[in-house]
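Work the whole structure out from these sequences, hints included.
For the sequence shown, the residue numbers in full-length UniProt numbering are 1 to 113.
Since the hints were made in silico from the structure, they are not lab data. These numbers were taken from a predicted model, which means no experiment stands behind them. Hints are not guaranteed to be accurate.
[Stated by the list, open to error] For lysine-lysine, the following DSS-like pairs were computed, each having C-alpha atoms within a straight-line distance of at most 30 Å:
#1 Lys68 - Lys88
#2 Lys88 - Lys29
#3 Lys29 - Lys68
#4 Lys68 - Lys97
#5 Lys29 - Lys97
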Amino acid sequence: MDLSLSTRTVGDRTVVEVGGEIDVYTAPKLREQLVELVNDGSFHLVVDMEGVDFLDSTGLGVLVGGLKRVRAHEGSLRLVCNQERILKIFRITGLTKVFPIHNSVEEAVAATD
Numbered sequence: 001m002d003l004s005l006s007t008r009t010v011g012d013r014t015v016v017e018v019g020g021e022i023d024v025y026t027a028p029k030l031r032e033q034l035v036e037l038v039n040d041g042s043f044h045l046v047v048d049m050e051g052v053d054f055l056d057s058t059g060l061g062v063l064v065g066g067l068k069r070v071r072a073h074e075g076s077l078r079l080v081c082n083q084e085r086i087l088k089i090f091r092i093t094g095l096t097k098v099f100p101i102h103n104s105v106e107e108a109v110a111a112t113d
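Pasting the structure below:
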């Protein structure tokens, strides 16, 4: 399966909608998108993972890298994920303590954490 990416602006946040699988083959595409957004001055990102079917350690690494990138500019990276199988990966790896994870884009955009 391939990875689909689209971006839109909601308020002062840039929402990256991700669909498909984030794995060793597709993760570089997501990394490029995040790097490009930060380079263009978007430091408050919401990664909408509602359409993600699969996430591996390479994908987790890309998300952590994106978080480090935005934090270097006093920014934030929030995740939208409500699928139990994907949330379980974040819990097992302890990344629920690192990423604010929300149930909807609206909730993530409104959050002040």
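Now for the hints, and whether the structure bears them out:
With a CA separation close to 22 Å, the supplied pair Lys68 and Lys88 stays within the 30 Å bound. Simply put, Lys88 and Lys29 have alpha-carbon atoms about 24 Å apart, close enough for the 30 Å limit, and the pair holds. For the proposed pair Lys29 and Lys68, the alpha carbon gap of about 18 Å is at most 30 Å, so the pair holds. Between Lys68 and Lys97 the CA atoms are separated by roughly 14 Å; this keeps the pair inside 30 Å, and the hint holds.
Between the alpha carbons of Lys29 and Lys97 the distance comes to roughly 25 Å, so the proposed pair stays at or under 30 Å and holds.
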